[in-house]
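Enquirer: Here is what each chain is made of, one letter per residue.
There are 2 protein chains.
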Amino acid sequence: MLRTHTCGELTISDLGQTVTLCGWVQKSRDLGGMTFIDVRDRYGLTQLVLNTDTDATLRETARSLGREFVIKATGQVQERTSKNLKIPTGEIEIVATDIEILNAAKIPPFLIEDETDGGEELRAKFRYLDLRRNPIRNNLMLRHKMAQEVRKYLDGLNFIEVETPVLIKSTPEGARDFVVPSRMNPGEFYALPQSPQTFKQLLMVSGFDRYFQIVKCFRDEDLRADRQPEFTQIDCEMAFITQEDILHIFEGLTRHLFKTVKGIHLDKFPRMDYADAMRLYGSDKPDIRLGMEFVELNDLTKGKNFGIFDNAELVVGINVKGCAEYTRKQIDELTEWLKRPQIGATGMIYCRYGSDGTLKSSVDKFYGEDDLTNWAAAFNAEPGDLMLILAGKTDKVRKQLGELRLEMGARLSLRDKNTFAPLWVIDFPLLEWDEETGRYHAMHHPFTSPKPEDIALLDTAPGEVRANAYDMVINGVEIGGGSIRIHDRALQSLMFKHLGFTQQEAQKQFGFLMDAFEYGAPPHGGIAFGFDRLCSIFAGLDSIRDVIAFPKNNSGRDLMIDTPSTIAKSQMNELKIRTTV
Amino acid sequence: MLRTHTCGELTISDLGQTVTLCGWVQKSRDLGGMTFIDVRDRYGLTQLVLNTDTDATLRETARSLGREFVIKATGQVQERTSKNLKIPTGEIEIVATDIEILNAAKIPPFLIEDETDGGEELRAKFRYLDLRRNPIRNNLMLRHKMAQEVRKYLDGLNFIEVETPVLIKSTPEGARDFVVPSRMNPGEFYALPQSPQTFKQLLMVSGFDRYFQIVKCFRDEDLRADRQPEFTQIDCEMAFITQEDILHIFEGLTRHLFKTVKGIHLDKFPRMDYADAMRLYGSDKPDIRLGMEFVELNDLTKGKNFGIFDNAELVVGINVKGCAEYTRKQIDELTEWLKRPQIGATGMIYCRYGSDGTLKSSVDKFYGEDDLTNWAAAFNAEPGDLMLILAGKTDKVRKQLGELRLEMGARLSLRDKNTFAPLWVIDFPLLEWDEETGRYHAMHHPFTSPKPEDIALLDTAPGEVRANAYDMVINGVEIGGGSIRIHDRALQSLMFKHLGFTQQEAQKQFGFLMDAFEYGAPPHGGIAFGFDRLCSIFAGLDSIRDVIAFPKNNSGRDLMIDTPSTIAKSQMNELKIRTTV
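Which chain is which? The protein sequence lines are U and L, in order. Numbering-wise, this note's numbering comes out as the position in the first sequence, counting from 1, plus 126. Numbering-wise, this note's numbering comes out as the position in the second sequence, counting from 1, plus 126.
Calculated from the structure, these hints are not laboratory results. Please read all numbers here as calculations on a predicted model, not as lab measurements. Treat the hints with care, as some may be off.
Any copy will do: because identical chains look the same in the list, a pair fits if it lies in one copy or spans two.
What the hints assert, rightly or not - Mimicking DSS-like on lysine-lysine, the simulated pairs with C-alpha atoms at most 30 Å apart in a straight line are:
1) K465 - K342
2) K342 - K271
3) K491 - K695
4) K695 - K623
5) K634 - K251
6) K702 - K342
7) K623 - K232
8) K455 - K522
9) K695 - K634
10) K251 - K702
11) K623 - K634
12) K232 - K634
13) K577 - K232
14) K232 - K430
15) K271 - K385
16) K251 - K623
17) K577 - K198
18) K251 - K232
19) K278 - K385
20) K491 - K430
21) K232 - K447
22) K342 - K634
23) K388 - K278
24) K634 - K702
25) K486 - K430
26) K525 - K428
27) K251 - K342
28) K342 - K278
Bound-form chain U, shown alone (with noise of 0.2 Å):
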């Protein structure tokens, strides 16, 4: 080793030792005869103190550093006068005899602090410095630790992790595949994988009962902030179990991160239906640390002659604490960011409950105050409290009465990065309608399993059809998905042809694993989690960007490497292809 310490070990119990260390110069301050220079690690940061007054070497060796160089210094562990308490090297300094610059460094395009003061371009670009700054490379240590522990959960759980390929098949079904030529077959593909699911339901049809793989995957879609065209996911899957071991277990590893992880222990997760999470919250994943359930108004409102309500399939609304005194002003804002395209409400109703006691509504003219008291009394409101009304639509009224709660629990400071509340959310439907392709689609995937008792419901009304599938849901964020599969041929092709599959396109895209529930396949089903986001929620960031090493941007590309980019004539040539562009 060129040190014999890092720069994070080193304290009050070491003094006098003679020692080396190597790192980054992260700020030099030459005080004419005494030079300090805190130089830095992965592990921390420590003070050399360079006598520069006696030591014509050493001071020109000084007045060259620059920040970022790299630096070797052996000296003495001495205490220091003037401690800093903050950091566990702070009681000492090492009094440098010898420094060696290991290599120059040019000025860096943007502050390597914790602030920075890099834009986003510019930090992509230059990654590998952006790398350096403590709360990046912090995730990124967080992120090897959870990984860790979920491998050390799962193999003490007798799960094996199997390496499924990466070269694999492209299926139209689902979102779209990157595709990879191969120059050995002409003119056919390799697909890169959506998802390991396929190949680890024959390792159930195997027999390896427990398998699990943090993997990556690939989408091919239009990137958003929190979406990557590579992921990784926690992808795992058991035989022989009932949804309830699923719930079990996987919860069980979700509490152990928590614990081992953030020193946080989490009580047994509260379920929910879909339906009821739809009901309540406008949403399939619901952020239940903000309250505000929804309150369905039908039986009070309708009959006053108040048209709106009068011909809205649902009026509903959520009880906002303590905000009664919210402004005329703020709520005409409301009404407006209801009314952006990307929520498209009509308007807004709210009923104020002030905190003298009195009832007032922006419907006044149709509403008394017996049915004021009646509306308070159904949101369970008190004094100070403002009641908003949405009417509508059931599906699209919930959704916006969704996101006016997710903003009012924003505004409310109620979304807590330190707070904690997770949620399954079991009985997804099978199938859910689409609207472009005018057919159903499965929506986990299409070798989730239906309930038994609602198979019936197949052929009359797809759409009521319920599956055996659960989300993990954490703080509103989906961070976990899956379901009981479909182990039997002939269910498996009853799905495929509800789906719009012919025979013969089920048999050729997905005929392999139909042949392999042939062949002994035992009752299975699994989960996969969100890797990045389950990263993310942990180093409590918004986007999952920074839990990953080299992200891409928007557009897909890597700024620092640049690429994606073309390539040489002869390569397309070996691989039989052409661009069309």
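Given the coordinates of chain U, work out where chain L should sit on it, guided by the hints.
Expert: Using the frame of chain U, we list chain L on its own:
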């Protein structure tokens, strides 16, 4: 859970318990009135006994069962009358009172037994059934255990696992890339990584200090039995270290794996210069279990009018213990083996040291007893030994003799799969001459640091420059290799120049790395292990195929899922590519 126990855990201490097992029917014997069924899962095998005489339902179920049916059986644990002490559950059986068929099974296309009757192709097509066989499943469980132990060891030494991107940039240096067309950037491509080399170096520039990753890598090369288009590396890098530190830490990793996974203690690994390895074994990955070091005989053979030796650049041989009794026919056969185009020798000289102490060679016409006695002394030969001698151009003849040595080792059964002889080969040349392109190539890769004392030779004798590069070899198989890297822009530029890059080419392809070296890059180095290869050595296999769950065949095809395959015209249109087949 559908079961109370697995098929591998019930023993004599569980007598009397009522249990439920799930698994696959391994075999079933109807003894008239009693049916015995072996039910199997990943954990083991348990015998069920069914009283089919008294229970008609049970009789009917038992009769309908076939091999590989998936069943759930409930009953009481009782002591067996005829015990099988070879398996942990062999002292007990379950008196099953209830059998439920969870899934039927067609007759499998080959035997699901340790020794199967299925051919290569059939087993590949039904890989999910082949994976049910104990030897293959055990390989994958071994692999899981090895990956866990790698992580445990490296995590314990402060290494951080960081995921590097899979969608990167194509570089013409090295092997052929797999490429991925970018839909969002038409006409441009990503490439799949051949290794995370540049990213791990950037992580060192970022101050990560100790990095590792168990990671998929990709090479679009023509395939051999032990190559796959996608393969897995244990990829590692460290900063502020010397070569000695890397050898120490990763020798430690390997010893940790042998100890924890195979219970084998390995002593300190011997080290050998590349030059010595070539001189003594004709290989940069010698199997040192075999002995038979090369003995050079130029001094003892020249000037005796034997043209073949007189004209040879090198006369060199090995002494094969105890083979003096080889018949003329056996020796002729060996000579023919050497003359095959794969080896390309022109002939072989032998000298027998008879058990009676007499020496007899195939060149007695030219060499008298004194000569042969001198040869025997040089070989350290004893009565009963056989000396085999080749002559020719140094590099060629060393390779040929190296092959002969391995062949003799195999014939003498010296290549035992349970004896492990690790070795470090160090001081590799930096460059090797490529006949085809008529220029020097990096022997390891372009980022490898030359030995400082040899840098001056770069201009005058490039082939003699040694690198700070090292390989770990076990039993004649290269399982890992690495180097100390260049961390300085000027030296890296010089290297690219010597490798035939123009300055523009170097900047276009690796500018990001050379730029990074200007912002404070620490001295660093690393190593990468071929994880598939390492697993196959631990499993005692010659090929890596059976330590991979879903391998591809020699044409890069997965016969089970039938990929690569054609994709839809619409997919190609979206990607703005076209095939030219």
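Enquirer: None of the hints should be skipped; say for each whether it holds.
Expert: Against the structure, the hints come out as follows:
1. Taking the shortest alpha-carbon separations for K465 and K342, neither the intra-copy value of 39 Å nor the inter-copy value of 48 Å comes in at or below 30 Å.
2. Taking the closest pair of Cα atoms, K342 and K271 come within 30 Å of each other both inside a single copy (18 Å) and across two copies (21 Å).
3. Taking the closest pair of Cα atoms, K491 and K695 never come within 30 Å of each other, the shortest separation being 75 Å inside a single copy and 61 Å across copies.
4. Taking the shortest alpha-carbon separations for K695 and K623, only the inter-copy value of 24 Å comes in at or below 30 Å, while the best intra-copy value is 44 Å.
5. In this assembly of identical chains, K634 and K251 lie within 30 Å of each other by CA distance solely across copies; the values are 15 Å between and 44 Å within a copy.
6. For a Cα distance limit of 30 Å, the shortest separation of K702 from K342 qualifies both inside one copy, at 28 Å, and across copies, at 25 Å.
7. In this homomeric assembly, K623 and K232 come within 30 Å of each other (Cα to Cα) only across copies, at 23 Å, whereas the closest approach inside a single copy is 63 Å.
8. When the C-alpha separation of K455 and K522 is checked against a cutoff of 30 Å, the pair qualifies only within one copy, where the shortest distance is 26 Å, while the shortest distance between copies is 89 Å.
9. Taking the shortest alpha-carbon separations for K695 and K634, only the inter-copy value of 17 Å comes in at or below 30 Å, while the best intra-copy value is 33 Å.
10. Within a single copy, K251 and K702 get their C-alpha atoms only as close as 33 Å, which misses the 30 Å cut-off; across copies the closest is 27 Å, which meets it.
11. Only within a single protomer do K623 and K634 lie at most 30 Å apart by alpha-carbon distance; the minimum there is 14 Å, versus 51 Å between protomers.
12. For the homomeric pair K232 and K634, the shortest alpha-carbon distance between copies (20 Å) is at most 30 Å, but the shortest distance inside one copy (58 Å) is not.
13. When the C-alpha separation of K577 and K232 is checked against a cutoff of 30 Å, the pair qualifies only between copies, where the shortest distance is 26 Å, while the shortest distance within a copy is 64 Å.
14. Taking CA atoms no more than 30 Å apart as the test, K232 paired with K430 passes in neither setting, with 74 Å inside one copy and 67 Å between copies.
15. Taking the closest pair of Cα atoms, K271 and K385 come within 30 Å of each other both inside a single copy (12 Å) and across two copies (25 Å).
16. Taking the closest pair of Cα atoms, K251 and K623 come within 30 Å of each other only across two copies (25 Å); inside a single copy the shortest separation is 48 Å, beyond that limit.
17. Only between protomers do K577 and K198 lie at most 30 Å apart by alpha-carbon distance; the minimum there is 21 Å, versus 66 Å within a single protomer.
18. When the C-alpha separation of K251 and K232 is checked against a cutoff of 30 Å, the pair qualifies only within one copy, where the shortest distance is 16 Å, while the shortest distance between copies is 57 Å.
19. In this assembly of identical chains, the alpha carbons of K278 and K385 lie at most 30 Å apart whether taken from the same copy (13 Å) or from different copies (19 Å).
20. Taking the closest pair of Cα atoms, K491 and K430 come within 30 Å of each other only inside a single copy of the chain (10 Å); across copies the shortest separation is 125 Å, beyond that limit.
21. In the homo-oligomer, the alpha carbons of K232 and K447 never lie at most 30 Å apart, since the shortest distance is 55 Å inside one protomer and 63 Å across protomers.
22. For a Cα distance limit of 30 Å, the shortest separation of K342 from K634 qualifies both inside one copy, at 26 Å, and across copies, at 28 Å.
23. When the C-alpha separation of K388 and K278 is checked against a cutoff of 30 Å, the pair qualifies both within a copy, at 16 Å, and between copies, at 20 Å.
24. For a Cα distance limit of 30 Å, the shortest separation of K634 from K702 qualifies both inside one copy, at 25 Å, and across copies, at 25 Å.
25. Taking CA atoms no more than 30 Å apart as the test, K486 paired with K430 passes inside one copy only; the shortest distance there is 17 Å, against 121 Å between copies.
26. Taking CA atoms no more than 30 Å apart as the test, K525 paired with K428 passes inside one copy only; the shortest distance there is 22 Å, against 94 Å between copies.
27. Within a single copy, K251 and K342 get their C-alpha atoms as close as 23 Å, and across copies as close as 25 Å, so both meet the 30 Å cut-off.
28. In the homo-oligomer, the alpha carbons of K342 and K278 lie at most 30 Å apart both inside one protomer (19 Å) and across protomers (21 Å), since each shortest distance falls under that limit.
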